[in-house]
Amino acid sequence: MKSSSFLCLSHLVHNVYQSGCINYFADVTCVSLQRLLEARVYGESETFPVVNAFDSMASLNLSSAAGAGSYFAHVEQAPEDPILGITVAFNKDPSPVKVNLGVGAYRTEDGKPLVLDVVRQAEQQLISDESRNKEYLGITGITHFNRLSAQLILGSDSPAIAEKRVATAQCLSGTGSLRVGGEFLARHHSGPKIIYVPSPTWGNHFKIFPFAGLETKTYRYYDPKTKGLDYEGLLEDLRAAPKGAVVLLHACAHNPTGVDPSQEQWEGIRRVIREEKQLLPFFDSAYQGFASGSLDTDAWAVRRFVSDGGEVFAAQSYAKNMGLYGERVGALSIIVKEAGIATRVESQLKLVIRPMYSSPPTHGAAIVTRILSSKKLFDEWKVELKSMADRIISMRHELFEALKARQTPGNWEHILNQIGMFTFTGLSREQVEYMTREFHIYMTLDGRISMAGLNSQNVPQLADAMHSAVVDFPQSSK
Amino acid sequence: MAMARKSAASALAGAGKRMMSAKSGWWTHVEPAPRDPILGVTENFLKDSHPSKMNVGVGAYRNNEGKPVVLECVRKAEAKIAGSDLMEYLPMGGNVKFNDLSVQLAYGENAECLESKRVASIQALSGTGACRLLAEFQKRFQPDSQILIPVPTWANHHNIWKDAHVKAQTYRYYDPKTKGLDFSGLVEDIKNAPSGSFVLLHACAHNPTGVDPTAEQWREISAVMKKKEHFAFFDMAYQGFASGDCEKDAQAIRIFMEDGHQIGCAQSFAKNMGLYGQRIGCLSIITDDQTQAATVKTQLQLICRPMYSNPPVHGALIVQTILSNPELKQLWLQEVKGMADRIISMRHALRENLEKAGSQLSWQHITNQIGMFCYSGMTPEQVDRLTNEYHVYMTRNGRISMAGVTTKNVEYLANAIHEVTK
Chain X
1 MKSSSFLCLS HLVHNVYQSG CINYFADVTC VSLQRLLEAR VYGESETFPV
51 VNAFDSMASL NLSSAAGAGS YFAHVEQAPE DPILGITVAF NKDPSPVKVN
101 LGVGAYRTED GKPLVLDVVR QAEQQLISDE SRNKEYLGIT GITHFNRLSA
151 QLILGSDSPA IAEKRVATAQ CLSGTGSLRV GGEFLARHHS GPKIIYVPSP
201 TWGNHFKIFP FAGLETKTYR YYDPKTKGLD YEGLLEDLRA APKGAVVLLH
251 ACAHNPTGVD PSQEQWEGIR RVIREEKQLL PFFDSAYQGF ASGSLDTDAW
301 AVRRFVSDGG EVFAAQSYAK NMGLYGERVG ALSIIVKEAG IATRVESQLK
351 LVIRPMYSSP PTHGAAIVTR ILSSKKLFDE WKVELKSMAD RIISMRHELF
401 EALKARQTPG NWEHILNQIG MFTFTGLSRE QVEYMTREFH IYMTLDGRIS
451 MAGLNSQNVP QLADAMHSAV VDFPQSSK
Chain P
1 MAMARKSAAS ALAGAGKRMM SAKSGWWTHV EPAPRDPILG VTENFLKDSH
51 PSKMNVGVGA YRNNEGKPVV LECVRKAEAK IAGSDLMEYL PMGGNVKFND
101 LSVQLAYGEN AECLESKRVA SIQALSGTGA CRLLAEFQKR FQPDSQILIP
151 VPTWANHHNI WKDAHVKAQT YRYYDPKTKG LDFSGLVEDI KNAPSGSFVL
201 LHACAHNPTG VDPTAEQWRE ISAVMKKKEH FAFFDMAYQG FASGDCEKDA
251 QAIRIFMEDG HQIGCAQSFA KNMGLYGQRI GCLSIITDDQ TQAATVKTQL
301 QLICRPMYSN PPVHGALIVQ TILSNPELKQ LWLQEVKGMA DRIISMRHAL
351 RENLEKAGSQ LSWQHITNQI GMFCYSGMTP EQVDRLTNEY HVYMTRNGRI
401 SMAGVTTKNV EYLANAIHEV TK
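From first to last, the protein sequence lines are chains X and P.
For the first sequence, full-length UniProt numbering gives the first residue as 1, with consecutive numbering after it.
For the second sequence, full-length UniProt numbering gives the first residue as 1, with consecutive numbering after it.
One chain only, chain P, in its complex shape (with noise of 0.2 angstroms):
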């Protein structure tokens, strides 16, 4: 971003000069925006010819075979959908059984909150979009809050609520040390933050560390937050793909909602159910009561109608059919549980093989770690000779996607981060 804005300023500066030549075009000026960290691991991935590489940089599930999947439950559900004429335009607050059944899943489907039909819920583009709406919403309406974003956090999450406007503070999480939560530096920082500022949380399978509060610190970052009026915003990407149990992995919410927060919710269905590319999620916003909650739809069915105008059909229609039919459903909850199964599984290899190879370090934390993502402790250096002598690909902050992992290559890497660590 920095580099946009001093390419946008230089550009101003010689905007006269260049501007009034119809020969040089209006664009010489644009520099080349440096590449996304995460997504331009795999594309170095691909250039790669090496029989042995590995790619655990993007999140995204991979079989024991290394293949992407797709689920049973979506490809039942879309044999179901296929040809229907339901092409047509989604009002702009989405498909609304498909925002029911999200926030069922995200609260309990017996939560005072929906009976009293006090939650606004909007169809949104995936985990970012929810995201990126709290924040467009964060801006008009408490527009003097600002967001606290944990240390280290998914990156995308500093553009978002930067684009959006909205002035950002950190607050410690992550401690280098132990390899897990720096709890009492992150009750700190959310103490001396002004009140009323806006917190966003990792539900579950905190990403990139892998490093989750236990339920006991979560009741006092609740009882914290309540002291200081905060707002609590949960960005709940993994439910049900961390522990394999849906009601588990929302616990944090569940605590939340006992302490009476009014809690928004960004909830996404890219990782637990495959869905990644259809760009399927759901922000909601827990209100007063069903009057605000109406309120609150429409306002932010305004941040919707300028930006896309309606959301994509599709990927809710998948969603909507699973989560209604009891059996599809079913049939999803014991797939969840197996992806979840088989990040586990290898994260205990992982650590056996490294145990194995002789390490002297310690690799506790790979098996403490929950969800997708494992926060290896490596440095940059170290990972970069991974990559370029191992053919091992990931992001230099030493996060490992443990859905890369598998049987046939958990020895190699086992064997590759032991050489770089030694």
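Chain X extracted, bound-state conformation (with noise of 0.2 angstroms):
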């Protein structure tokens, strides 16, 4: 393997893409890919030996299979999904007390999934209702959701709707309202075609922008001293950015740390993207009213970056705040200047859409609509929504407590601090693969865990292994 400085993955990823060499797939081995990925979604930030892609691919046969069969012969085996392969690798374990903390996907307090009631009786309604149809939504989905959504992130009172300044399309969840606003902006952005992006991150970041065409940088986040966030080297790597730079941020329960911006602190940021660098920026919202158990509270940030009339882009996912997971739906809202713009912006969307999927899936929107519009259960879903979120603070509050029974060394106060789905523990790669291998805990090799996952029975074997891990490996702790 030959050295060479260290190259951004999507940078990597983009050139290769436009070059159309692609069968850097073929010829670069799996594992230096699946490192180079983990490398990017972790966040190590030491320069990286990577092999020199371009002098790999000496030998590209491009030609077709030449009559022989199968035109993909030299297709080689895609690496696995850090994190869904975590649920891969947990499913094949047959020991009964193992324990996925590895997706982020609501679990009860009996490890098991939970459709919300309130879905229950929206699907029920929408079964019996004989108008219904199955017929094509508009390329934007339905009309309804997209005015409800919007409402809901930018606050129902928010100038911004009233004046028919927001463009809103319903979009496949988190990912497909990102990877849409992405390739919007590659199509349009008159800024620097590039996004930056937190570190770490969601790992799916540093694939979705990419593929739509944006160059992806990122910024300081995270810092593994305090086990908080690293402000200043934030606001540093903010001012260096090129003006006019796109910038994405965690709307709230900053995934997979947990750790978010306090007002204050948000404040700081939107001065120097609004004021200074006049940046763009892109709020992934994947957990309004989960993270604290209040939609407004989950939403201020946005809605302070809106408020100062400056345009903003935001993706909504119902993923998790209403279960959903499986029916993909979401939201893209653009914000801009003036209502004319909104419907040009509209129009252009739609070029993005249809050649990818014509149209939105309809069923989940048309839960998500129902819930919305009635009084009824918009109430009832505040309700169960705080309830998930209280769940996951207490378990935080009960994992906290067993490891301070356990006397483990560290501190451990940010598993308090941190909110949201994901506690990002600051354990080590080498800790966790011992917690995997000795105790059958599955979780990212980042160290983050789904607080999601645990409950009063499995929360003393995860204590009694983060004790072990951290007791046998002093050093290792980041």
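The hints are all genuine.
Simulated restraints, written as ranges between beta carbons of each label pair:
hint : chain 1 : residue 1 : chain 2 : residue 2 : range
1    : X       : 108       : P       : 195       : 56 to 62 angstroms
2    : X       : 156       : P       : 31        : 27 to 33 angstroms
3    : P       : 329       : X       : 457       : 39 to 45 angstroms
With a straight-line cut-off of 25 angstroms between C-alpha atoms, the simulated DMTMM-like cross-links for lysine to aspartate or glutamate are:
hint : chain 1 : residue 1 : chain 2 : residue 2
4    : X       : 337       : X       : 267
5    : X       : 350       : P       : 163
6    : P       : 76        : X       : 129
7    : P       : 329       : X       : 129
8    : P       : 97        : P       : 109
9    : X       : 164       : P       : 31
10   : P       : 117       : X       : 80
11   : P       : 422       : P       : 381
12   : P       : 97        : X       : 80
13   : P       : 67        : X       : 130
14   : P       : 97        : X       : 93
15   : P       : 53        : X       : 135
16   : P       : 67        : X       : 135
17   : P       : 139       : X       : 215
18   : X       : 225       : X       : 264
19   : P       : 248       : P       : 327
20   : P       : 117       : X       : 76
21   : P       : 408       : X       : 130
22   : X       : 164       : P       : 43
23   : X       : 164       : X       : 346
Beyond 10 angstroms from chain P on every Cβ pair, some chain X residues (computed):
hint : residue
24   : 92
25   : 215
26   : 237
27   : 268
28   : 295
29   : 375
30   : 433
31   : 438
32   : 440
Rather than coming from a laboratory, the hints here were simulated on the basis of the structure.
Please read these numbers as outputs of a predicted model, since none were measured by experiment.
Ideal placement from N, C-alpha and C gives every residue a C-beta, glycine not left out.
Two chains, two frames, a set of hints: combine them into the complex.
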């Protein structure tokens, strides 16, 4: 393996994609690609030796299968998705005491998935409504759904909505909303086509934006020393960005760290973005209501940015807060300066969506529309949402107390300070692998645990595992 | 697309000046995109208040009352699955049972390629999504190849391969003189394309013309493509819906498989199960062996993940429920035949009414063509008259969606067409 200077994975992929030499996927070993993905996902900042992809693409065989069978014989096995791969490994484990703290899907105290009661009610209403049909939606989806979604994130009294400055498109959950927004930016953004994402961030951000056509860079975010926000580093990096670049912000419950800026810090960030650098903010809102238990509190940052009159992109997901994961329900809202612009922007969004999947799936959005448009269901939803958030918060307390009881070395306050579905434990890769091996705890290698997977039954086991890992590998703690 | 590119270019030119002004915003340069030619028709139809208005634009089935239909088998399936605890994320490749049932339908339950598990299959967002996945996959793993697209075709095909950055060429297909297949032109263009090209083929019920090759013609096309080592990609959006018989509608695929082609296939359940808005389809590729099929699938998943992570659960569950339950499957086969039969009877009725109205032109192509669409042969100007004077809404290429024709409005339509074409 040759050493060369660190290549941003996104830059690499982008270059490779542009040059058409996609057989990078064939010639670079899967292991090195996996490692590259991990490096980006887990925010390792040290120079990382990579195979120089272009050196290794010596003998590309781009010809078709010359009559002898498949056109795709040269295709190599793709690496497992680092996050979804955890569940694959978990499922294979025969141990009766295994714990899955990998993917961020909510679980009840009994460790079961949860279909919200309001969702069941809405579904029943849909099934029994004879007037409903299964026709194509328009390209941007259900109009009512879009209006309700914009109101949910921006506040129903938002001047931006009243002034018709919001273009909203129903998309396939958070991923789809980010991808459509990214593609739009790659085509139409008059600023630099670069998006800055926090370090670390959800791994899929590093795939979505490059494939959408944006160069992807990072800004400092997580401080491993404090296990909190690297506020000064964040501001410094934003100040170093070129004017007009795009900045991805997690609206609340940062994934994977659970570290959110305070309101004061958000204000400081906003000033740099708006007044100093005229950067374009792109919010990823996957946990509204799920983080603090309050829909309004969790949307505070987005609303603050919109209230200063500037332009904003916002991707919303209903996967977690309505438990509609597999239905793929989300929305992309683009808030612009004038109503006329919003109309034209919406028409261009359609050109991105039509050749991707024509129109979005009805079912999940129809459920959301029922819930958000009925006062009864909306109020019931807020109650169910708060109880999910409360359960998560109580798990934080239980884990913290369990570690305290074991007198596990180290400071574990961050478990209480972080918010949302995930805790960034600060455990090292080595410690995590040990916990998986010895205690059948499944989690991502960056030390992230999904609190949703915890319950009173398995908290003791996790605490035992963490205690043992810390004691047996003391030097490795970040 | 061209408009978007131009505006992007001029945007870059003025970017320096525009960028710095916090007042004017980022998007003042964004031009309005052209209306989608097909979906725009329905928009205009909805705005019209004329009592005799007709929508023969978009290809969504209507019953004889002109209403959309939720199939009985679908209602039953939904009642079974409602309230189930099945809203968790699907794997990136989608619902595996659904994928298996889908490819059985496309390739035949006893197909050798299925028994040897050498078909890579992945749940996709209906036909559009399946085509897009294939296009992206083609770009990655056969980057030098181009896609051959018939003239005419569903307009969105061009957008799909363009957005995947795959070079496209066209091949002759429709002969306006005969209102049938330009078979010699088709064969010539396929022969002249560089070896190893990907060829987009409509498996049945060609959209928009309704003109399909005969079995003998398919065999010849298969032989030519084998010689040229072309990759056959079937877009099958109307299995069962064209003739009323699922096996018959898949005959082109069967012929190619017999000849040893390792085809790709995009399936949609939008029309044949009436699941339009559920966005449920399947992309499959026949490979050498089980290992390669699994490998190809992992790479297809890498395309899905940054696009939408994993596909929606609901539509796949409906299809799975129907196809795996013998009673429901039987019911479905009856219902899809019922839809096909109604379309066929409307073709006959339209032709008869045109002849009855005294038209001197030949309208036999209406009954020769198959599937949801009839390529009438009308000019854009004639279509405009049809819309402006008679409130009949259709796309300007003269394509009539037969699904919008009923026993109540077929005479009105025939008279209107006669008036603008005589």
